[in-house]
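Full structure from sequences and hints, please.
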Amino acid sequence: MKTLAQVRAMLPPFAGLVGIEIVDATPERIVGELTVREDLCIGSGIMHGGAIMSFADTLGALGTIVNLPEGASTTTIESKTNFIAPAPRGARLIAEATPLHRGRRTMVWQTRIATSEGRLVAVVTQTQLVL
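Using this note's numbering, the letters of the sequence shown map in sequence onto residues 3 to 133.
Hints listed in this document are in silico derivations from the structure and should not be mistaken for laboratory results. Since we're looking at a predicted model, the values are computed, not measured. A couple of the hints might just be wrong.
Distance ranges between label pairs, derived from CB positions [to be verified]:
id: 1; residue 1: Pro71; residue 2: Arg121; range: 16 to 22 Å
id: 2; residue 1: Pro14; residue 2: Glu72; range: 18 to 24 Å
id: 3; residue 1: Arg121; residue 2: Ile44; range: 28 to 34 Å
id: 4; residue 1: Leu70; residue 2: Arg39; range: 15 to 21 Å
id: 5; residue 1: Ala74; residue 2: Glu40; range: 37 to 43 Å
id: 6; residue 1: Gly105; residue 2: Asp41; range: 20 to 26 Å
Even for Gly, the Cβ is constructed at its ideal location relative to N, Cα and C.
Below, the structure written as structure tokens:
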């Protein structure tokens, strides 16, 4: 099993631009946090949907990577997002990705994103192809 430091080292540079922080990583669960900054918001001061999706996609991909056999890689082949509530500028978001399916050819992850107060912001289900 990979350590938290090893998983953090796997983050793509884009995750750093968005501000994603990985706080827990096991084969069964990836947890990340992110603060909603002005540059991640639309004009009305709420987080852009694409930034929310990027947050979830990063966690689901990391979950797959943690479960991959040696020498394999992954790519997202499908993603569906249900936006539940806005994430206002300044909010601290906590996301938890858990596997729905971990197969040899595909893995399916569900990520729940909520504010630190517990208000659900989005639920994302994504399918990762094992390469």
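Hints versus structure:
Separated by about 38 Å at the C-beta atoms, proline 71 and arginine 121 break the suggested range of 16 to 22 Å. Proline 14 and glutamate 72 have their C-beta atoms about 20 Å apart, which keeps the hinted 18 to 24 Å range intact. In this structure the hint that arginine 121 and isoleucine 44 lie 28 to 34 Å apart at CB is violated, the actual value being about 18 Å. A C-beta distance of roughly 31 Å is found between leucine 70 and arginine 39, which places it outside the suggested range of 15 to 21 Å.
A hinted range of 37 to 43 Å holds for the C-beta pair alanine 74 and glutamate 40, which are about 38 Å apart. Checking the proposed 20 to 26 Å range against glycine 105 and aspartate 41 shows it is violated: the Cβ atoms sit about 37 Å from each other.
Hint compliance for this structure: hints 1, 3, 4 and 6 are broken, all remaining hints hold.
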